[in-house]
Amino acid sequence: MKQEKTEHKHIKTLTKSSLTKTLVSGGCGECQASCQSACKTSCTVGNQACER
Amino acid sequence: MLDKECVHCFSHNHQYFVVDGNSGSVHLLDELAYQMIKAIKDGLEFDETAVINHLSNEYSPRKIKEAFEEITVLVKENLLFSPDFTEIPKEIDSVVKALCLNVAHDCNLRCKYCFAQTGDFGGKRELMSYAVAKKAVDFLINASKNRHQLELDFFGGEPLLNFEVVKKTVLYGEEQAKKHNKNIRFTITTNGIGLTKAIQDFLNEKMYNVVLSIDGRREVNDAVRQTINGEGSVHDVIVPKYQEFVKARKGKQYYVRGTFTKNNLDFCEDVLYLAGLGFDQISMEPVVADSALDYALTEAELPTIFHEYHRLADELLEYYQTKKSFNFFHFNVELKKGPCLYKRIAGCGAGHEYIAVTPTGELYPCHQFIGDEKYKIGDVSQGIIRPELGERLKHAHVLNKPTCRKCWAKYYCSGGCHFNNLKYGGSLSDPYLLACEMERKRLECSLYIYSSLNN
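Chains S and V, in that order, are what the protein sequence lines are. Just so we're aligned: 80 in our numbering is position 27 of the first sequence, and the numbers increase by one with no gaps anywhere. Just so we're aligned: 456 in our numbering is position 433 of the second sequence, and the numbers increase by one with no gaps anywhere.
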């Protein structure tokens, strides 16, 4: 009997982040300084896109 | 061994989320899987029989097994209850790539909450000369080594008080960038009072981003953002200028940016007011101030602020459905092409990637530190003469801050503002917890909005 596939029934992964991999691929430093955009009093990086 | 500390479960409007802080992964769940993860985080054994026993009053064993299986897959793939680093990744070399040029330590407004002591940063009221600005550009080009993408922000005080220097510096910067194969993104923050058609045309042509200060409704704005003699409505002067400016900007990046205080805890109304005026790029920051001040935000206001952020998130989604949508800066989250771990650790880069320049050419780790001699790190002629200060800031990253290291939001917020941590958190290693609370709430709202718009 074919086993019922259970993926995605209960959980949807919005982002499969594997930050450790970026230790190899990242670090070019071309991204925007986080405080230069629209805040100047806080710091957030999660809203930035990688420039690569 | 599951790392449960950095896993965060939250729900809003029947949407259920789990953020795995160590990997940065975000999951959207049904209520069963959510309850299961929450119970495991709260101490239930990670075991199929244990979860069946725990949830069998509400769900069938088949469903529970299904959900448990999915959770097990995520755990195996290190996307849930994932381990923290056993060794902290090595800090990589960084170079200066962004300058905040305080071209004017003076202002034509006297805003009550100004962190720059109404523009003079506790010192003399003065303007930057073109000679100093030129040296700052040279410093940036030299210090940036092989970085191509650079930033130069005109700040103050009010930078338009020194517009001729802004203009000449942009032209010089463009010339030097071309010569050295760099790209400089110019940005400016203004209170709008001095905006003219000629200035508007220049800024719209040359500035990559323009930040236009306004706090929202007339009575809210004018209660804190006031003229030098306290007369007239600042709101009434700047709104038509901003509307014309944005119209002429033709889609280029800008933000209308406000500050909310204890006196307008219904700041959602101010954001919606700005949206109603036709602005579609809006930022509204919580004021950072000593808790003794009457407008300061304290822990007591957090429930109201949280409620307001949720209300804003729901209103924003409503706008997407029915009216012209707008973008709220603090609800932006990049889940697909987000920054690398180095960036998430480096955060703002103050003192080593990002430097502020005073009108006389002194260098400070960022605009917030200006005026405190202890933090002077060099000058535009000699460059950085105290690199150890920048190194200290660089080292004060989320993985070296015990409180941050345990936080599920660490790789999204990056540890907050060094200056605020020092002033209100107590040390570089202790985050300013009030800001942390608001940051986490905004991140929840961001994920809720993201999920609502993408599912």
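Just so you know, these hints were derived from the structure itself, not from any lab. Using N, Cα and C, we set each Cβ at its ideal position, and we do this for glycine too. Keep in mind that the hints are not guaranteed to be accurate.
[As the list claims (entries may be wrong)] Restraint-style ranges between C-beta atoms, simulated for each label pair:
1. S:HIS61 - V:GLU414: 20 to 26 Å
2. S:HIS61 - V:ASP224: 48 to 54 Å
3. S:LYS62 - V:LEU25: 38 to 44 Å
4. V:LYS168 - S:LYS62: 49 to 55 Å
5. S:HIS61 - V:GLU322: 37 to 43 Å
6. V:ASP313 - S:LYS62: 31 to 37 Å
7. S:SER71 - V:ARG133: 23 to 29 Å
8. V:GLU414 - S:LYS62: 30 to 36 Å
9. S:HIS61 - V:LYS446: 43 to 49 Å
[Unchecked claim] Covered stretches of chain V (chain S as the covering partner; in silico rule of three or more C-beta atoms under 8 Å from a C-beta of chain S):
10. 45-59
11. 109-119
12. 143-154
13. 364-373
14. 404-410
15. 465-473
### Message
A range of 37 to 43 Å was offered for this pair. Does it hold for the Cβ distance of S:HIS61 and V:GLU322?
### Response
Hint holds: Cβ distance 40 Å, inside 37 to 43 Å.
### Query
At the C-beta level, are V:LYS168 and S:LYS62 separated by a distance inside 49 to 55 Å?
51 Å, holds
### Query
Is it true that the C-beta distance of S:HIS61 to V:LYS446 lies inside 43 to 49 Å, as the hint says?
47 Å, holds
### Message
Looking only at beta-carbon atoms, does the pair S:HIS61, V:ASP224 fall within the given range of 48 to 54 Å?
### Response
Given a distance of about 52 Å, which is inside 48 to 54 Å, the answer is holds.
### Query
With a cut-off of 8 Å between beta carbons, are at least three residues of the region 45-59 of chain V near chain S?
holds (count 10)
### Task
With 23 to 29 Å as the target window, see if S:SER71 and V:ARG133 comply at their CB atoms.
Since the Cβ atoms of S:SER71 and V:ARG133 sit about 50 Å apart, the hinted range of 23 to 29 Å is violated.
### Outcome, coverage hint (the region 364-373 of chain V, chain S; C-beta under 8 Å; three residues)
It holds, with 8 qualifying residues against the three required.
### Task
Take a look at whether the Cβ-Cβ distance between S:LYS62 and V:LEU25 falls inside 38 to 44 Å.
Since S:LYS62 and V:LEU25 have Cβ atoms about 22 Å apart, the given range 38 to 44 Å is violated.
#### Entry: Coverage criterion applied to the region 143-154 of chain V (partner chain S; beta-carbon cut 8 Å; 3 residues)
violated (count 0)
### Query
Given a hinted range of 30 to 36 Å, is it respected by the beta-carbon distance of V:GLU414 and S:LYS62?
50 Å, violated
### Message
Does the beta carbon distance between S:HIS61 and V:GLU414 stay inside 20 to 26 Å, or does it fall outside?
### Response
Violated - the Cβ-Cβ distance for S:HIS61 and V:GLU414, about 46 Å, lies outside 20 to 26 Å.
### Query
Are 3 or more residues of the region 404-410 of chain V near chain S, judged by a Cβ distance of less than 8 Å?
violated (count 0)
The structure does not agree with the numbered hints 1, 3, 6, 7, 8, 12 and 14 stated previously, though it agrees with the rest.
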